[in-house]
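Just so you know, the protein sequences line up as chains R and D, in that order. Just so it is clear: in the first sequence, position 24 is 24 by the working numbering, and no numbers are missing. Just so it is clear: in the second sequence, position 732 is 1732 by the working numbering, and no numbers are missing.
Since no wrong hints were added, every one of them can be taken at face value.
Derived lysine to aspartate or glutamate pairs resembling EDC-like cross-links, with alpha carbons at most 16 Å apart:
hint : chain 1 : residue 1 : chain 2 : residue 2
1    : R       : LYS378    : D       : ASP1330
2    : D       : LYS1283   : R       : GLU251
3    : D       : LYS1007   : R       : GLU103
4    : D       : LYS1282   : R       : ASP237
5    : D       : LYS1283   : R       : ASP235
6    : R       : LYS378    : D       : ASP1366
7    : D       : LYS1007   : R       : GLU104
8    : D       : LYS1494   : D       : GLU1464
9    : D       : LYS1080   : D       : ASP1118
10   : D       : LYS1207   : D       : GLU1237
11   : R       : LYS378    : D       : GLU1360
12   : R       : LYS139    : D       : GLU1066
13   : R       : LYS42     : D       : ASP1368
14   : D       : LYS1283   : R       : ASP237
15   : D       : LYS1080   : R       : ASP22
16   : D       : LYS1327   : R       : GLU422
17   : R       : LYS384    : R       : GLU314
18   : D       : LYS1327   : D       : GLU1360
19   : R       : LYS14     : R       : GLU102
20   : D       : LYS1900   : D       : ASP1830
21   : R       : LYS378    : D       : GLU1364
22   : D       : LYS1322   : R       : GLU422
23   : D       : LYS1282   : R       : ASP235
To be clear about the criterion: a stretch of chain D counts as covered by chain R if any three or more of its residues have a C-beta under 8 Å from a C-beta of chain R, and this derived list gives those stretches:
hint : region
24   : 1035 to 1042
25   : 1061 to 1073
26   : 1210 to 1217
27   : 1324 to 1333
28   : 1565 to 1576
Now the in silico label distances, taken between C-beta atoms and shown as ranges:
hint : chain 1 : residue 1 : chain 2 : residue 2 : range
29   : D       : GLU1199   : R       : ILE192    : 48 to 54 Å
30   : R       : VAL30     : D       : SER1006   : 22 to 28 Å
31   : R       : VAL286    : D       : SER1427   : 32 to 38 Å
32   : R       : TRP413    : D       : SER1081   : 55 to 61 Å
33   : R       : LYS232    : D       : SER1427   : 55 to 61 Å
Calculated from the structure, these hints are not laboratory results. Just so you know, even glycine gets a beta-carbon here, dropped at the ideal spot from N, CA and C.
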Amino acid sequence: MAGAASALFILDVKGRCLIWRDYRGDVTSVQAERYFSKLLEKEGDIESHGPVGYDNGVTYMFIQHSNVFLMTASRQNCNAASLLLFLHRIVDVFKHYFEEFEEESLRDNFVVVYELLDEMMDFGYPQYTEAKILSEFIKTDAYRMEVTQRPPMAVTNAVSWRSEGINYKKNEVFLDVVESVNILVNSNGQIIRSDVVGALKMRTYLSGMPECKLGLNDKVLLEAQGRSSKGKAIDLDDIKFHQCVRLARFENDRTISFIPPDGSFDLMTYRLSTQVKPLIWVEAQVERHSRSRIEMVLKARSQFKDRSTATNVEIQLPVPSDATNPNIRTSMGSAAYAPENDALVWKIKSFPGNKEYMLRAEFSLPSITSEEATHDRKAPIRVKFEIPYFTVSGIQVRYLKIIEKSGYQALPWVRYITMAGEYELRLI
Amino acid sequence: MSGHDSKYFSTTKKGEIPELKEELNSQYKDKRKDAVKKVIAAMTVGKDVSSLFTDVVNCMQTENLELKKLVYLYLINYAKSQPDLAILAVNTFVKDSQDPNPLIRALAVRTMGCIRVDKITEYLCDPLQRCLKDDDPYVRKTAAICVAKLYDINAELVEDRGFLEALKDLISDNNPMVVANAVAALAEIQENSSRPIFEITSHTLSKLLTALNECTEWGQVFILDALSKYKAADAREAENIVERVTPRLQHANCAVVLSAVKMILQQMELITSTDVVRNLCKKMAPPLVTLLSAEPEIQYVALRNINLIVQRRPTILAHEIKVFFCKYNDPIYVKMEKLEIMIKLASDRNIDQVLLEFKEYATEVDVDFVRKAVRAIGRCAIKLERAAERCISVLLELIKIKVNYVVQEAIIVIKDIFRRYPNTYESIIATLCESLDTLDEPEAKASMIWIIGEYAERIDNADELLESFLESFPEEPAQVQLQLLTATVKLFLKKPTEGPQQMIQVVLNNATVETDNPDLRDRAYIYWRLLSTDPEAAKDVVLAEKPVISDDSNQLDPSLLDELLSNIATLSSVYHKPPEAFVTRVKTTQKTDEDDYPDGGEPGYSESPSHAVDSAASPPATSSSAPHAAARQPVPATPAPVPDLLGDLIGLDNDNNGNGAIVPVDILHEGPPLPVVLPASTGQGLQISAQLVRRDGQIFYSLLFENNSQIPLDGFMIQFNKNTFGVAAAGPLQVPQLLPGTSASTLLPMVLFQNIAPGPPNTLLQVAVKNNQQPVWYFNDKLSLLVFFSEDGRMERSAFLETWKSLPDSNEVSKDFPGIVVNSVEATLDQLAVSNMFFIAKRKHANQDVLYLSAKIPRGIPFLIELTAVIGIPGLKCAIKSPSPEMAPLFFEALENLLKS
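Take these sequences, add in the hints, and give me the full structure.
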């Protein structure tokens, strides 16, 4: 199954090649452009096309980012997962370099882009994608002068994500525990799916090569240590670690130990599929009066403890596309009709726990409709919110130990926040 | 840190090249650097700046790393077009490969490996040798990959210089990154070689498993992919391996996770303890589910793989069906795949919830998705007997919404439900009949008519219903006509009254006299004869009990599934096709200088070109041997074996609905466009392009069908008239239904000497193609002798001389081609070698070059060829000698076509 990419293309929205790097000399940019323009012709909407396509003996895989497409071409049975992920990493690296990664910034930096493509991939094999380290030896014009012109040790080290000799006056670590709640409620009001995806996002400003050890209220660990889990321990379904975490060690004794990269990264993500009570529950009543008007009553209820407060709550209610003359009243917050999305958007800045708010809306409908009116797309009600200082899972950081041979003291700061992920209620 | 490079794109159009030339030769460093940037910018936008080659290369010797990189980039792109000038760069390359700065050393080897020019390659060997042993791991990891590059250009050189051994040594390197790249390089080399080069022993295994813990995420993927081929000795070893790989399931990189899953699944086959297996399944489920939180493109790859995994290990995700429920904002290609997996995981336990979901999807906007959702309900009904009734009631609810395409799709699946559970749900027929008028798609119409015919005795007005279709009989598509014919016969047999009798007459008349569709006509005649000779027998035949159909949602062939599972995460697992079906990497045949002087007589000589030819087709070892053997046999009366490639490709892609949109059907078409043999104007919108081709020692008819008509076309068949070589199809033509505006290509395997036309040889190949919707199309194609030249046509020099002498002079035919110019002997020989005309010797006669070649057509008939030309001057003389001189005109025509292009 050995196989690699033949070439890498960056195309504009019209499918023209902006930049391409040939790795194997068996696919030309003309072929790639021809394939892509075929694709653009065939699918009105390029996004509906799958990311993998075949044309004339060549497999193309692409992703989109802002107004450019990144595409690989291959004639072999290459690792599709790895190459597609690699394309996403290229985007990350370019974003690190140019802040905005789009057609304009590509042209402005094409020399660096070529240099990066040369370093990140060799003969079609992904090589190295640590933006931070890459920028130590591949620099844009403004920083050209300070180039070390030697590959940093990190490129080939076992610790490939951190350079040596980093120094901060004040050693600090910020740890954000962010949980997104995904929920799917069907038209009977039944919760058919609910899960929590959490992430431990870290920002490290630490000198030297710090050894870190993170302790969570992980049930498996606490039980293994023979401690009674006093109700607080949690059982995580699946945990994914940043490559800095020693996986074999975790497998052995559930210890999360690592040498962190410098700056921000996601230390770990986890998933929890226990049924949770929806934090914000919405009930909707819709009444259509013949073909003249439509009346909607919406009730939103917060189902968490009084001491927490949801902020930036936004409830999107689908509205028929031919509705006009909105007449809206709310008991809290403000609501506006967004005809471009066929939706009514209700915003509540602050929504304390155990409260209920109402919205009433009335729209006029045209009295006649065309015979062959296609039925409306049945969009769900969607909810966005954030609840600071709160996690659904109850995850807690018990400690974060940082040991560096110079023996400095580092300060860890931990924050918790819960927010809505894919929060969909198919109530209408 | 944004740059301002865009200014380099805006150079003045007029006199651009001379201006750049001047700037490149400027005495100021900065100006030269800017000029090179402009050149690269021009190259990027597709302008040809190859004429600046010398000037750019002159900038190569510089201390400035950025400038050096740009010049290298230029070289990669243009060295091939200027091979003679590329040699200018060699000195700098060699010097750079010894630079004190490891970045520059690595850059030099990396770039040299990318320049696919023979002359450069020769100079690459020494620097590469040094770099493989460099102190700096950065240089070694680059050199490791470079060996794979060199192998791709010149495999022999790699073997002769012992680079393979050096590469194998790198597996024990103390740097994990070097190890990972060495593994990637070796795995690729192994793929392209028939000899065992990279065999993983238990010793290397343990070394690689250790490296796994330390190398980068990409390196982990290389190692896991290579290790998944390892066959553990016993269950114990398998368990040990799995134990060391499972921690990878926690990696944030999805590719690492998938490759780890692949490896675990492979080893699980050996593990006998059910506890261990159950435990592993439990461990793999959460990571697989988490893949669905990745970017949509990754989700898509994951879903295609999960589809395979649940076919082999249904228990893994049996309780996780909810995670495959579609989200509102999922891209359509993700939704389609989720649906497919939902059907696979549907069970009596969860069917209620699943049906509720399908019903929800059936009211979405995307028509394809809606159709698939409706079909999914039908497939669940067929799969789960106890849920069938609930499925049907959901379908009936959907029919009531009266959305046209939903109704039609529902009727199609209800027909299948009837076929699965005969005499169970006929009570709903009345409801179906209400939608009769709205049906306008052939498949739905045909399904409805089938239902009416099958249950004619229970439908009071069956005759009226069928009659309403009869009026438009001649205009209906073939699919509907066939069903109408059968349904009317059934009706008549069940209710032999006057009305149906009249109807049957109309139908039989229409279907025999008025139609030119042979299928319809034949079927009508059979019915006619049956009915007129023995109506009772007709009843026995037509109304016989039919076999019950079965669920088709778990449908991959076990051996194909095995192969696909061993290819998890790769394209093969995305396409659900074995790699041979789409891998088209063709190695460029290398000509070394020795080829011109066969007298050298080294033992290695005769080996090398045939090796090159073998790898040119780069087939899997399984399929290459059989056709070769067949070609050598003098009596090829039996059909030649069809390579596995086609069997797998055509026979096993059962997923006729799901993947169509995602994996285009033109999976086999490559190379230049095929000549059009039936233009759309003649074919009522159907255009056929076709050509005989030779692949892998086997002759195929490569066909491309393009449907520019307004109706879907299906039921394609093909026939070949008698011809000189007796070329005929080795199997049925496999073309899927072609919707309007789509195309499909196929490779039809051919056999020889099946229906030989008498008379002198000619190139005429008459072909007839038909489908269910249109009349039969006839067209003429040409037999090119080139495709008949077999791979074993090489003659020893002595044999050549002997044969030449033994044949009488009357067997020699010659012809002049005033229009052909031979510009390079080498290029011409390459061209001829591709068509299996093999070079024997060359001599100079005055200013003329005389080339001797041999070729062989089936039944072992040799052709001895003499070509005479003056390089660069039009005019080529060709003389051939063969036991079958009557073939000479065909030969000359083929040769002319080949060399003219």
